Amino acid sequence: MLQQIFSLSFMTAFLAAAVRLAVPLMYGGIGETIAEKSGILNIGMEGVMLSGAFFSFAGAWYSGNLFAGLLCGMLGGLVVSLLHGLLSITLIQNQSVSGLAINMLMLGVTSFLFKLMSNGQGYQQIETFPNLAIPGLSRIPLIGDAFFNCDFLTYTLYVLLILTWIFYKKTNLGLSFAAVGEHPQAAESAGIQVKKYRWIVMVLNGLLGGIGGAYLVLVQLGVFTENMISGRGYIALATVILGRYSPFGMFGAALLFGAANALQIRLQTIGVSISPFLLAILPYALTLIAMLGAAGKNSEPEALSKPYIKGAR
Amino acid sequence: MSLLQMKHICKSFSGVYANKDINLTVEKGEIHALLGENGAGKTTLVNIIFGLYTADSGEILWKDKPADFASPREAIEAGVGMVQQHFSLVNKMTVLDNIILNLKGNSFFLDRADARKKLTDLAGKYGLYVNPDAMISDLSVGEQQRVEILKALYRNVELLILDEPTGVLTPQETTQFFDVLRNLKKEGYGIIIITHRMSEIMAISDKVTILRDGKQVADLVTADTNPEELSAYMIGRELSDDYHIEGSPKKEVMLELKNVSNHHRRHSRHKLENISLTIHKGEILGIAGVEGNGQKELAEVITGIQKTGEGEILLDGQNLAGINIRGRYEAGVSYISEDRQSDSLITGMNITENLVLREYRKLPFARHSIVNKAAIRKNAAEKMEQYQVRASGKSGIDTPVKLLSGGNQQKLIIARELNDNAKVIVASQPTRGLDIGATEFVRQQLIGQRNAGKGVMLISADLEEIMALSDRIAVLFGGKIVGVLTREEATVQKIGLLMGGISEEEAR
Amino acid sequence: MQKDKRTRGMTDVLLILVITILVGTILIIACGASPIEAYGLFFRGIFGTPAGFAEIFVKACPLILTGLGCAVAYRTGFFNIGAEGQFYVGAMATTIVALNWTAIPGVPRILLSLVMGFLAGGVWALIAAICKAKFNISEIIVTIMLNYIAINFLGYAVRSFLMDPEGNVPQSAKIDKSVQLGTLIPATRFHAGILIAILCVLVVWFFLEKTTMGYELKAVGLNKRGSACNGISVMKNIMLSAFLSGGLSAVAGGIEVLAIQKKLLEGISSNCGYTAVLIALVAFNNPIGVFFVAVLYAAMQVGASSMQRQLGVPSAIVNILIGLVVVLILGRELFHFKKKQSKGGKGGNA
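Residue numbers (my numbering), protein chains in the order written: chain A, 1 to 313; chain B, 1 to 508; chain C, 1 to 350.
The following block holds chain A by itself, in its conformation from the complex (with noise of 0.2 angstroms):
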């Protein structure tokens, strides 16, 4: 048994289910580092997805044009995510509350406009962005077909997440952006206009939030079903603190997050008995113990999830 799970086929396959998984996790999270490091929580990102996921689907359905799709998705994202800046940036409420009931709201929006569309009836699967493979770096054992052997919006992050880290560390933007999240009224006093930063990130937050959503659509199933992000959107906030609000250290925690899922189907379909249900708890157990040991001296961004008004100590 151990023999199986050591092979290079059963590893190879399993990374790739891996990174294939978390690929949509990376993409909320994304999203959601971006968001969290100016401030704004967003709860509401399960719900930024599902709108993603759906408007991506009847975009792609209705045009026949995957790539319309893609940008339906980033919109219906985005309009999410505006919303919570609506709510918390202008009106000032709490992020929390806002985020869930927006959650709740897309739940229905996107159920009762699916059954619309659908009229009751099942869908045909519509056709799904190609792998392309990147020659040279696919042949790469072990890692290689997980890896480079993906579809367009897996470079595509990786691109993201390289400019991400570069954008925060190097750039002076980027320390404006992160300074309206540590000490807000510090960056007003700097000449940064927070609540126009803020929006700004509530831009992005919904752009590659609905790419997530996009993506279980776009690349993995070629079908939307109700509900279809079940939890990622939370799971997404998870890899945000777990990664300590770092692109790279999201895009880790968000592959443990993939790994534990793809080993519990890997392992299922060569029978063996360790429960997949034990192994999926163990990324959340870590993202609570990471929680616990960073207590204290907390990567947290200072200002998150507090209400700004301007001019207020």
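Please keep in mind that the hints were generated in silico from the structure rather than gathered at the bench.
Computed cross-link-like contacts, DSBU-like style, restricted to lysine-lysine with a CA-CA straight-line distance of at most 35 angstroms: (1) B:Lys281 x B:Lys258; (2) B:Lys307 x C:Lys210; (3) B:Lys480 x C:Lys134; (4) B:Lys423 x B:Lys307; (5) B:Lys296 x B:Lys423; (6) B:Lys378 x C:Lys224; (7) B:Lys104 x A:Lys195; (8) B:Lys63 x B:Lys215; (9) C:Lys134 x A:Lys306; (10) A:Lys170 x B:Lys104.
Predicted model, so just to flag it, every value in this text is computed and none were measured.
Add chains B and C to chain A, keeping to what the hints say.
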């Protein structure tokens, strides 16, 4: 050419003057001190310079050209920098990143190597040593202040405004800090320093402008003045004694503090050191001092909100060590906090609920943990009547406390805290922000407690109030008691000097 | 000014109601159905048959309990989103006792199993409370993580130690008839658990409004610093409210097992733990309010499913509407935005 000229500056907030007809001129290479009591209008004035407020009338000339900065950013770009009492530093960023945050000249990609070199040069030039790569959260308060100054210098300011800069520094740090200021002065920087410490004004400044009640009362050249004169200008009036304090306190001690210090953490700004005080039965002990010198800590150490580090506190002979807040209240320690809305009241609750905040567990308000609403309401109705608490609107005793005026909120606290069981009343800034009627009411209540044989600790920044009501006056400075005067000994001048950190001996 | 506020509050409620009904109607029309017919079916579904009417309470029962749980936690500002996980922990504990402690006869075993469920759920919620009170870690993410841990653990349990030895479906053995919570009204699903839920409403109401502990919870929720300065332990009260909160949600899980499913299996919460958060918020954390909001929500569900069956109007409308109500409550300031400006910016501090 003067660096800064302010002419006939007026500023009022909802009809009350904060600054009235102020004229101020600062030259290059000059250290100009602004002196005044709390609320004299110093901070308002510098906030106008820095673009945080706009003056109602008057003229500001920056290098002989009219200037009216709409925001701190504009002020900084013109060359005015300010280090506020509360630092604006991002804890989780390095010193360097804080300094180059959103700088106008930054390129899209930050050139940290260049910035680090410039910063190191600057720091070396003025003796403002701090590791550019250290996290702000790892720095001491003194180091953080250096970062704030460097931040201003890095932006090429020519005028530096410092609001109470030494309040957070140790004596050693203060000495170093003054060396820095002298260096800056030599380089031609103009400096405005707000302080209440007379010794510092004498040590560092070239000129002094004294404000009182929003008005400019004196412009002096430091070399030609002395602490007594400064103190007289600052306080200004001989205080009248309107309150009839009868008889003298009893011999018995009600509250005694023996060498008390508070339990303070690293970086904490205020600490108490070795406080020894006594309050007798039937005595009001006034605690004078400029705010932020340990008043809140003193009150909270007695009431049990802050832990005592060393020393002991005896209430009527009973050692309060190990007794919690509730236990101390039950033993007889009552507290009127300076932060009435956050510390003394639950403003989201109504009058009835707030009045039993201390005793909701006890008969008649509760029996076997079950609340007796009727008793609580009866209590509220009685107390409202007795203490003349007025609630606007129809809700009466059911009015949420946040809808009451400050005076009525304070009356509620007094109605709750001044009960028969109380032995010592710690009253912190009890009349701040109240109208004349409410102020009078509160003072009469405190005198009433004294005359009933209780001990009263009156902590106030209002010297007039302290002198009018107290049997004895202790002065708190930098977390220490620097002098205790009897009612007869106390003069405005003596207290003023002590408040400015000059001991009686030194003053002589 | 106070009166002003009250009339403002009334117009807010009215506006939210009107907008919600309007949106509901538009959605029905969007489905190509006649609103009159749809509302007719909606109300016939609710009031048409005793079974339909009783179904409201069957659906409301877990919502009432989890909603109460959330309300208790929110009293102290402990933003518990873990009702879902606490529900399952309770369901598991109740099942274990109900199946195994066969030495104890019927009704006592029912009560004991629910009490054990309560304790288990309470302890589960305490984990998050300790993280918050001791280490200042946001309870929001912690409770969400605990939800997934509980749900996955349930998945494991019904496939291993709790799996019905007779079958090979992931579910527990059937609970003995004597420890089931039976139906009280024939031909409906109105069960004894509903009475327990109503009892809990009254007990929680009494606890919050009439006892010194309830007073402390309220004080801590409104002003932590002020409570601490007056000798009320903030930590103790956060832990207490979390414990009770988890316990109440757990009882919802236990009742669902004993009364409806008669065994433990996955997915039995139908996400009521998340709905509960919104119910508590709409009810402004008032226990009696929770009861009415939960019943109203359940009635909408029952009515909507009758619409769905006969007209094909998706019952997801209900989710849209409750989400919308909360969004409108949060966004109600927008109603006053124009008025404020036309008055020349007055009342800005309200």
